[in-house]
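With chain A's structure known, arrange chain B on it following the hints.
Protein chains: 2
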Amino acid sequence: MPTHSFKLGVLVSGRGSNLQSILNQIEEGTVPAEVAVILSNKENAPALERGRQSGIKSLFVNPKDFTNRADYDSALVGILKEHGVDLICLAGYMRILNADFIRTFAGKIINIHPSLLPAFPGLNVHQQAIDHGVKFSGCTVHFVEEEVDSGPIILQAVVPVEKDDSAESLADRILQEEHKIYPEAVRLLAENRIRIEGRRVSIQEFTE
Amino acid sequence: MPTHSFKLGVLVSGRGSNLQSILNQIEEGTVPAEVAVILSNKENAPALERGRQSGIKSLFVNPKDFTNRADYDSALVGILKEHGVDLICLAGYMRILNADFIRTFAGKIINIHPSLLPAFPGLNVHQQAIDHGVKFSGCTVHFVEEEVDSGPIILQAVVPVEKDDSAESLADRILQEEHKIYPEAVRLLAENRIRIEGRRVSIQEFTE
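In order, the protein sequences belong to chains A and B. Take any residue in the first sequence, note its place counting from 1, add 705, and you have its number in the working numbering. Take any residue in the second sequence, note its place counting from 1, add 705, and you have its number in the working numbering.
Just chain A, with the same shape it has in the complex:
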C-alpha cells in the first residue's frame, strides 16, 4: 500500500465491499490516500479481515464494553484522532453516530447510500424502490449530518430498475456503481477539490 498524507478512518459492520473498492483504488494509485484505521462494531465483520490482509490496523470495538452510545462513540473519536484521520468513511456501518461524533468531525464524514437520495432513505432501500415502482434507482455519496441520509450530496450514479428485478438483483447492479463512485468521492476529497455552498457540492477542476 502506498503511503499518503491524507488519512482515512473507515467504519464497518459487515462484509466491507465498499472498503475493498477503496483499498483497491488506493493500491492502484488512483486514490491518493491511505487507510489509517478500520473500526467495526461487529467482531466477525469480514471487513476487518480484509483490512488485516492489507496490513491495516483493524479493530473490533465492542459496544458491550461501554455503558452507553455516547461513551462508545467517544471511544471511536479517541481512536480516530489518535490516528490523525482526515476523513471518515462509513462503509456499511450499521450504527447511528451520535451528535458529538458528527460535530467533532464536521464536514469530514461521508457515507454511501444505495438509492438516489432524497428518494428512499433508511433501511430496506431496494425493496422500497421496487415496491414504489420507480424506473430508476442508484446510489449517493453524501456528507453525514445529524439527520440520517440527509447531508450534502457529493456524487450520485443512476441504475435502471428492470422489469423483473428483485431487491437482490437491483442491489447487485447498484453495488457495482457504489464501487465506482465511493472511491471517486474519496479521491476528490483527498485532492481537496470539493466545495460546499448551502447543500450544493461542486467539484473543482484539477489544478497543479
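These aren't lab readings, by the way, just hints derived from the structure by calculation. A few of these clues could be false.
Pairs involving identical chains hold if they fit within one copy or between any two copies, as the list cannot separate such chains.
[What the hints assert, rightly or not] The calculated lysine to aspartate or glutamate pairs, modelled on DMTMM-like cross-linking and capped at a C-alpha distance of 20 Å, are:
(1) 868 to 910
(2) 868 to 889
(3) 868 to 896
(4) 813 to 896
(5) 868 to 902
(6) 712 to 791
(7) 762 to 787
(8) 868 to 836
(9) 769 to 748
(10) 786 to 739
Because the structure is a prediction, the values reported are computed rather than measured.
Only chain B this time, still in chain A's reference frame:
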C-alpha cells in the same frame, strides 16, 4: 388529425407544451389516439389556442361560474363523459382534482411531473432539486391518485443536473424529456400495453 377509437381529454392551465407534444405524435401517426376535448380553467391559456388550431374542441370552463370545487369538477366529469374519453391527461393543469373526479375515472387519469418522483413532489420542483444539490433529476409520468404526485409510475426519464444549472436551465432540459415520455405513455395506454400490480407498472410486449 387521424381519427382513432382511443379518445383523450386533456386538462390544461397554461402554455400546453406537453399537449403539443401529444398532438404532434398523434399527427405523425405514432400515438394511436385522438384528442376529443381540451378543458382549461384559465381563459387565456395558450393551450386552448393550440387545440383550436388543431381543430379540437377546446373549452374554457370558468371556476367563477360554480359555487364550489365539487360542482366545478362535476361539470368537468360531465363534459369528459359526454365526449367518451378513455384517458384524461393532465398537461400543466394547476388545480387539484377532487376525490369524486378521481374515483369516477379511476386508473384513467395520468399526469407528468418534472422530477424523479418520489423525490421533489409539489411545486417549485426544479428549485427544490437545485437547492437539495442532487446530481440527477428528470420527469415522471404517473397515474393520478388522491394523494398528489403519488400514483403508480408509468415512465421516467433521467436528466443530469449541471454544475451551473439554474431552475430555468434545468427545467428547459427536463421539458425536452417530458415531450418524449408523455406521448410515449399515451401510446402505451392506447395500445393497452400497461399493467399495474400494486404500485408497479409493467409494459407488455406488443402482440398482434
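Hint compliance check: list the failing hint numbers for this structure, sorted ascending. none
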